[in-house]
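Protein chains in written order, with my numbering: chain A, 617 to 757; chain B, 617 to 757.
Since the hints were made in silico from the structure, they are not lab data.
Yeah, the Cβ is synthetic: ideal placement off N, Cα and C, and Gly gets one too.
Fair warning: there could be bad hints in the mix.
Below, a sample of chain B positions facing chain A; criterion: calculated Cβ distance under 10 Å [unchecked claim]:
hint, residue
1, Met-660
2, Val-711
3, Phe-732
2 protein chains.
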Amino acid sequence: MLLMVKWPGSGMSDRDWLDDIRWTADGLVPAIAQDATDGRILMMAWMNREALQLTAQTGTAVYWSRSRGKLWHKGEESGHQQRISEIRLDCDNDVIVLQVEQIGGIACHTGRRSCFYQRLENDRWVAVEPVLKDPGAIYGK
Amino acid sequence: MLLMVKWPGSGMSDRDWLDDIRWTADGLVPAIAQDATDGRILMMAWMNREALQLTAQTGTAVYWSRSRGKLWHKGEESGHQQRISEIRLDCDNDVIVLQVEQIGGIACHTGRRSCFYQRLENDRWVAVEPVLKDPGAIYGK
Numbered sequence: 617m618l619l620m621v622k623w624p625g626s627g628m629s630d631r632d633w634l635d636d637i638r639w640t641a642d643g644l645v646p647a648i649a650q651d652a653t654d655g656r657i658l659m660m661a662w663m664n665r666e667a668l669q670l671t672a673q674t675g676t677a678v679y680w681s682r683s684r685g686k687l688w689h690k691g692e693e694s695g696h697q698q699r700i701s702e703i704r705l706d707c708d709n710d711v712i713v714l715q716v717e718q719i720g721g722i723a724c725h726t727g728r729r730s731c732f733y734q735r736l737e738n739d740r741w742v743a744v745e746p747v748l749k750d751p752g753a754i755y756g757k
Numbered sequence: 617m618l619l620m621v622k623w624p625g626s627g628m629s630d631r632d633w634l635d636d637i638r639w640t641a642d643g644l645v646p647a648i649a650q651d652a653t654d655g656r657i658l659m660m661a662w663m664n665r666e667a668l669q670l671t672a673q674t675g676t677a678v679y680w681s682r683s684r685g686k687l688w689h690k691g692e693e694s695g696h697q698q699r700i701s702e703i704r705l706d707c708d709n710d711v712i713v714l715q716v717e718q719i720g721g722i723a724c725h726t727g728r729r730s731c732f733y734q735r736l737e738n739d740r741w742v743a744v745e746p747v748l749k750d751p752g753a754i755y756g757k
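Model the full assembly from the supplied sequences, consistent with the hints where possible.
Right, dumping it as C-alpha cells:
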C-alpha cells in the first residue's frame, strides 16, 4: 500500500486551483478583460468553472452567458477572440482579471473597442467612443 | 395649468441617471476601480444606489460592503481614499468603471497596491506583488 501524504498549502498539495475561487451561489465569478498592450478595460463578463478552466487550457477567453445559459466562446460569431497572456485573482478570491490581446481590436457587441463607452457627464450617460465597425457587418445579420 | 412635456431619451427628460443602471436583484452593481495614471486595475467592489450617488456627488469612492451590510466609504479606516476623475458604464448598463487617484498608493487591505496580486502559474495562484505597508500599521491594530 502506497501512502500518499499531502501537505495543504504546499507545492505538494494536489488542490485544484479552481477550488480556490469563491464562486457565487450560481457557480460564477466575474472576469474583467484588460487589453495587455495599453491597460484599457474592455469588458466584464462571468465565468463558471468550466469556462475558466477552458480559458486557462486554451489560452482563449471563454465566458458563461447568463442570458443564453451556455458557454460563450468569445469571438465565436464575431471572430473577435481574446488571447490570454495572464490570469489574476483578487485578495478575496472572487474576481478575475485577464490580460488579453483583443483580436480585431473590438470587444463590444456594439462595434466599439470597449464596452465601457458611456461616460457620466452632468448627470447623463453619454456615448463618447466611436463605433469602429457596424454590428451588422460583424455578426453578418 | 402648466403642461410639462418630456421627451424620453432627449435632453429634456428628467430621467435619473441612476435609473439607467441595471441593478442586480440585490440592488447592486459591480464597480471596477482603475488607476487613472497608468491604467492599473486596483479592485472591484459593489455599489448600491446610494453608494453610486454619493460617489458621483462627493468625487470620492463609496461602495456597499456586502459582508458588513453597510456603506463603505473607501479609506474611512485606512485613509486610502479614491478620488474619482471619471465614471463609465458598459453597454449592458450593469458594470461601472471608475478612474481614480488612489491616495496612499494602496488599494488592497493586504497593504498591496492592487487587490489583483495573485497570478496563475502552473496551475497555482502565486502572490507576485509586494506588501507596501503592513496592514497592522494601516489599520492601527
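Comparing the hints with the structure gives:
Satisfaction of the interface hint for B/Met-660 is found here, the shortest Cβ-Cβ separation to chain A being roughly 5 Å, below the 10 Å cut-off. Interface restraint check: B/Val-711 against chain A, minimum CB-CB distance 5 Å, threshold 10 Å, status holds. Interface restraint check: B/Phe-732 against chain A, minimum CB-CB distance 4 Å, threshold 10 Å, status holds.
Going through the hint list in order, the structure satisfies each hint without exception.
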